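With chain V fixed as given, assemble chain U onto it according to the hints.
Chains as they are written, first to last, in this note's numbering: chain V, 1 to 196; chain U, 1 to 457.
Worth flagging that the hints you see were computed from the coordinates, not collected in a lab.
Any given hint could turn out to be false.
Unchecked claim - Listed next, with one range per pair, are the computed distances between beta-carbon atoms:
1. 164(U) to 127(V): 24 to 34 Å
2. 127(V) to 455(U): 51 to 61 Å
3. 139(V) to 310(U): 29 to 39 Å
4. 237(U) to 193(V): 25 to 35 Å
5. 172(V) to 309(U): 32 to 42 Å
6. 66(V) to 309(U): 22 to 32 Å
7. 246(U) to 171(V): 43 to 53 Å
Claimed, not checked - Listed below are the simulated DSSO-like cross-link pairs for lysine-lysine, each with C-alpha atoms no more than 30 Å apart in a straight line:
8. 3(V) to 16(U)
9. 68(U) to 31(V)
10. 171(V) to 183(V)
11. 244(U) to 103(U)
12. 164(U) to 3(U)
13. 162(U) to 166(V)
14. 80(U) to 50(V)
15. 50(V) to 448(U)
16. 275(U) to 74(V)
Claimed, not checked - Sample of chain U residues facing chain V (criterion: CB under 7 Å; computed from the structure):
17. 28
18. 82
19. 85
20. 145
21. 151
22. 154
23. 229
24. 258
25. 403
Computed from a prediction, not measured in an experiment: that's the story for all the values here.
Every residue gets a Cβ at the ideal spot worked out from N, C-alpha and C, and that includes glycine.
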Amino acid sequence: MEKLIKLTSSAVPLPIEDVDTDQIIPARFLKAITKDGFGENLFRDWRYMKDGQPDPNFVLNNDTYTGSILVAGKNFGCGSSREHAAWAITDYGFRVVISSFFADIFKANALNNGLLPIVVSDETLDVIFQKIEENPDHQLTIDVEKQQLSIDEEMHVNFEIDEYKKECLLKGYDDIDYLLSLKGEIESFEKEHLMF
Amino acid sequence: MAKTLFDKVWDQHVVKNIAGDRQVLYIDQHFIHEVTSPQAFNGLRDRDLPIFRIDQILATADHNVPTKDQHLPISEPLSKMQVETLMKNCDEFGVTCYGLGDKNQGIVHVIGPELGITKPGMTIVCGDSHTSTHGAFGNIAFGIGTTQVEQVMASQCLIIEKPKKMRINVNGKLQNGVTAKDIILYIIAQLTAGGGTGHFIEFAGDTIQSLSMEGRMTICNMSIEMGARGGMIAPDETTFDYIKDRPLSPKGEKWNEAVSYWKTLYSEEDAVFDKEYTFKAEDIAPMLTYGTNPGMGIGVQDAVPSTDNTKALTYMDFKPGESLLGKEIQHVFIGSCTNSRIEDLRMVAEFVKGKQKAQNTSVMIVPGSKKVELQAKEEGLDKIFEAAGFELREPGCSACLGMNEDKIPAGEYCVSTSNRNFEGRQGPGARTILASPLMAAVTAVEGKIVDIREYLN
Numbered sequence: 001m002e003k004l005i006k007l008t009s010s011a012v013p014l015p016i017e018d019v020d021t022d023q024i025i026p027a028r029f030l031k032a033i034t035k036d037g038f039g040e041n042l043f044r045d046w047r048y049m050k051d052g053q054p055d056p057n058f059v060l061n062n063d064t065y066t067g068s069i070l071v072a073g074k075n076f077g078c079g080s081s082r083e084h085a086a087w088a089i090t091d092y093g094f095r096v097v098i099s100s101f102f103a104d105i106f107k108a109n110a111l112n113n114g115l116l117p118i119v120v121s122d123e124t125l126d127v128i129f130q131k132i133e134e135n136p137d138h139q140l141t142i143d144v145e146k147q148q149l150s151i152d153e154e155m156h157v158n159f160e161i162d163e164y165k166k167e168c169l170l171k172g173y174d175d176i177d178y179l180l181s182l183k184g185e186i187e188s189f190e191k192e193h194l195m196f
Numbered sequence: 001m002a003k004t005l006f007d008k009v010w011d012q013h014v015v016k017n018i019a020g021d022r023q024v025l026y027i028d029q030h031f032i033h034e035v036t037s038p039q040a041f042n043g044l045r046d047r048d049l050p051i052f053r054i055d056q057i058l059a060t061a062d063h064n065v066p067t068k069d070q071h072l073p074i075s076e077p078l079s080k081m082q083v084e085t086l087m088k089n090c091d092e093f094g095v096t097c098y099g100l101g102d103k104n105q106g107i108v109h110v111i112g113p114e115l116g117i118t119k120p121g122m123t124i125v126c127g128d129s130h131t132s133t134h135g136a137f138g139n140i141a142f143g144i145g146t147t148q149v150e151q152v153m154a155s156q157c158l159i160i161e162k163p164k165k166m167r168i169n170v171n172g173k174l175q176n177g178v179t180a181k182d183i184i185l186y187i188i189a190q191l192t193a194g195g196g197t198g199h200f201i202e203f204a205g206d207t208i209q210s211l212s213m214e215g216r217m218t219i220c221n222m223s224i225e226m227g228a229r230g231g232m233i234a235p236d237e238t239t240f241d242y243i244k245d246r247p248l249s250p251k252g253e254k255w256n257e258a259v260s261y262w263k264t265l266y267s268e269e270d271a272v273f274d275k276e277y278t279f280k281a282e283d284i285a286p287m288l289t290y291g292t293n294p295g296m297g298i299g300v301q302d303a304v305p306s307t308d309n310t311k312a313l314t315y316m317d318f319k320p321g322e323s324l325l326g327k328e329i330q331h332v333f334i335g336s337c338t339n340s341r342i343e344d345l346r347m348v349a350e351f352v353k354g355k356q357k358a359q360n361t362s363v364m365i366v367p368g369s370k371k372v373e374l375q376a377k378e379e380g381l382d383k384i385f386e387a388a389g390f391e392l393r394e395p396g397c398s399a400c401l402g403m404n405e406d407k408i409p410a411g412e413y414c415v416s417t418s419n420r421n422f423e424g425r426q427g428p429g430a431r432t433i434l435a436s437p438l439m440a441a442v443t444a445v446e447g448k449i450v451d452i453r454e455y456l457n
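The following block holds chain V by itself, in its conformation from the complex:
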């Protein structure tokens, strides 16, 4: 997994609530057997019109907004457990998603792919959207060690991240490395474990 320690970037606003993983990557694009290339179809049905041309009204097609931080409305990533959603977002180039609320499975999938989901209050989220609207070049800085989100070094907001997952992000570790190291303990557990 790729490390994430500190990041400064402008942000892309997507002020829509309840963005489900079918919008992030529709089911018809889940036929691949590798993790690559999903970014091409990120937000496919919002991003392209029926004739296949980019929809100029969709934010990813608007050059004003660029950067590796996506800011989205609350309950982002609800619905299907498809990790392809996290793959599509990272493949497109995002490393951080900010929202006031994430669906559980999406959050886990994101963290397993070095994509940091940052939860802020509804009020802070509104402020961030407002700031981006005022000036799309506003720089957001994410400091994972300090668990701090800053806008233009003026506004600082702390965010929560599980201690274990923070360590994984800072060092680029996967859960699987740790689980493999527990083989002996898992085998002892199994000896006492009741299963029918």
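Same frame as chain V, but now just chain U:
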């Protein structure tokens, strides 16, 4: 401290506590399918790892399979490759796989219970959010991503935070024509699409207890649609009767031992939940969704409410204040892991017997498994469907997610017994209205939305 049903099962599976609030949780049963497993197999191959517990993993092909002519090679090349990759991976790693044509093949959440694999007190995972279905048997079952699929393959464990606990009670007598599907659509409409996030739900109360196992599965199946990690129901005689004598259920003395253990799985009287809600069964009407998430539901007689989510109403072409009654419907889909079991098909058959589908409506019934399909045929349900003009297909996820050819055309309405009405879920531009099998059946006959209660009374 008094324990909840969830605590009892969870605590029995904790291998160890680690940094933060995380725990290493042991997984008893892992189900896999063709869409969310190939990258996990690649991961094992890259690290040169075997499957850690080969007897605790089972594969089937369901999401991306055609529901017509399953005996022929799959015509769509990418789908063909994905299904073949599953077969090859299972072969290489030694995983039992019920592929196309196998008598046990079907939607993963239909075949687990059907085979007697799904039992109380277990932990069950699958790379599919509707894994919550299995919780109907009093176990902890939840959906995971592909990285976690790989972790369970490699270690039979997950690193996970214990969710919060919620109990939802439903008490009282359901109105005629109101089913398990209406109960869960009602609950989600009350609590919203994000109302359960961070929680594991226990469904309780006399209405829930009165449901069959299949009804209970429909309820737990849609726990994820309010964002919950999963849903579960305490096991009772209904549960034990369902499991007994299934191909992989415990037999002989083992059965008695199992049942005595399962009987200890309930929430103690003083157990505390982080959140608790209670609903009256009498308040629940046949439900429909009007928007683009499963929380946007109303009783069939209710008007479309005004909402800030104008995007959803524009997509559905509905207006606030409008009634859905009388709305013309072009498609009816009966199937999915929510409502494709034999009782669902019987419910539909009983209603449509001697009736005809409306001319303006196409009707597709997709059984949840090969076994359901065979049983439907043995019971003569296929003849009833044929006479009514309903098309009975072969098993798979089908138009629930539109990965295969079974899609609803853009701009057209589909009354669907599935679980998600997201934009484009049933095909680009498709407009989905979620409902019970009974509401789907009456829509098919009338070609428009009506209140099933008026039909029955």
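Okay, the hints, checked on the actual structure:
1. Between residue 164(U) and residue 127(V), the C-beta spacing of about 28 Å keeps the proposed range 24 to 34 Å intact.
2. At roughly 53 Å, the beta-carbon separation of residue 127(V) and residue 455(U) lies within the given 51 to 61 Å, and the hint holds.
3. For the hinted restraint 29 to 39 Å between residue 139(V) and residue 310(U), the CB-CB distance of approximately 32 Å keeps it satisfied.
4. Range check, residue 237(U) to residue 193(V): Cβ separation about 26 Å, and the 25 to 35 Å hint holds.
5. Range check, residue 172(V) to residue 309(U): Cβ separation about 39 Å, and the 32 to 42 Å hint holds.
6. One distance hint, 22 to 32 Å for the beta-carbon pair residue 66(V) and residue 309(U), holds here, with the actual separation near 28 Å.
7. Distance hint for residue 246(U) and residue 171(V): a CB-CB separation of about 46 Å, consistent with the stated range 43 to 53 Å.
8. Proximity of residue 3(V) to residue 16(U) is assessed by CA-CA distance (about 26 Å); at most 30 Å being required, the pair is judged to hold.
9. With a C-alpha separation of about 19 Å, the suggested pairing of residue 68(U) with residue 31(V) holds against the 30 Å cut-off.
10. Restraint check for residue 171(V) and residue 183(V): the C-alpha separation of about 22 Å stays at or below 30 Å, so the hint holds.
11. At most 30 Å may separate the alpha-carbon atoms for a hinted pair to count; residue 244(U) and residue 103(U) meet this at roughly 20 Å.
12. Taking the CA atoms of residue 164(U) and residue 3(U), the gap is about 13 Å. The hint holds against a cut of 30 Å.
13. Note on residue 162(U) and residue 166(V): the hinted pairing holds, with a Cα-Cα distance of about 18 Å set against a maximum of 30 Å.
14. Restraint check for residue 80(U) and residue 50(V): satisfied, since their Cα atoms lie roughly 26 Å apart, inside the 30 Å limit.
15. Distance hint between residue 50(V) and residue 448(U) is fulfilled; the C-alpha atoms sit about 28 Å from each other, no more than 30 Å.
16. Proximity of residue 275(U) to residue 74(V) is assessed by CA-CA distance (about 21 Å); at most 30 Å being required, the pair is judged to hold.
17. At its closest, the beta carbon of residue 28(U) sits 6 Å from a beta carbon of chain V; the interface hint therefore holds under the 7 Å criterion.
18. The interface hint given for residue 82(U) holds, since its Cβ lies 5 Å from the closest Cβ of chain V, which is under the 7 Å cut-off.
19. Given the 7 Å rule on beta carbons, the hint for residue 85(U) holds: about 5 Å separates it from the nearest Cβ of chain V.
20. Interface restraint check: residue 145(U) against chain V, minimum CB-CB distance 4 Å, threshold 7 Å, status holds.
21. Hint status for residue 151(U): holds, given a least beta-carbon distance of 5 Å to chain V, under 7 Å.
22. Interface restraint check: residue 154(U) against chain V, minimum CB-CB distance 6 Å, threshold 7 Å, status holds.
23. At a threshold of 7 Å, the smallest CB-CB gap from residue 229(U) to chain V is about 6 Å, leaving the interface hint in force.
24. At its closest, the beta carbon of residue 258(U) sits 4 Å from a beta carbon of chain V; the interface hint therefore holds under the 7 Å criterion.
25. Evaluation of the residue 403(U) hint against chain V yields a held restraint, the C-beta minimum of about 4 Å falling below 7 Å.
No hint from the list above goes unmet by this structure.
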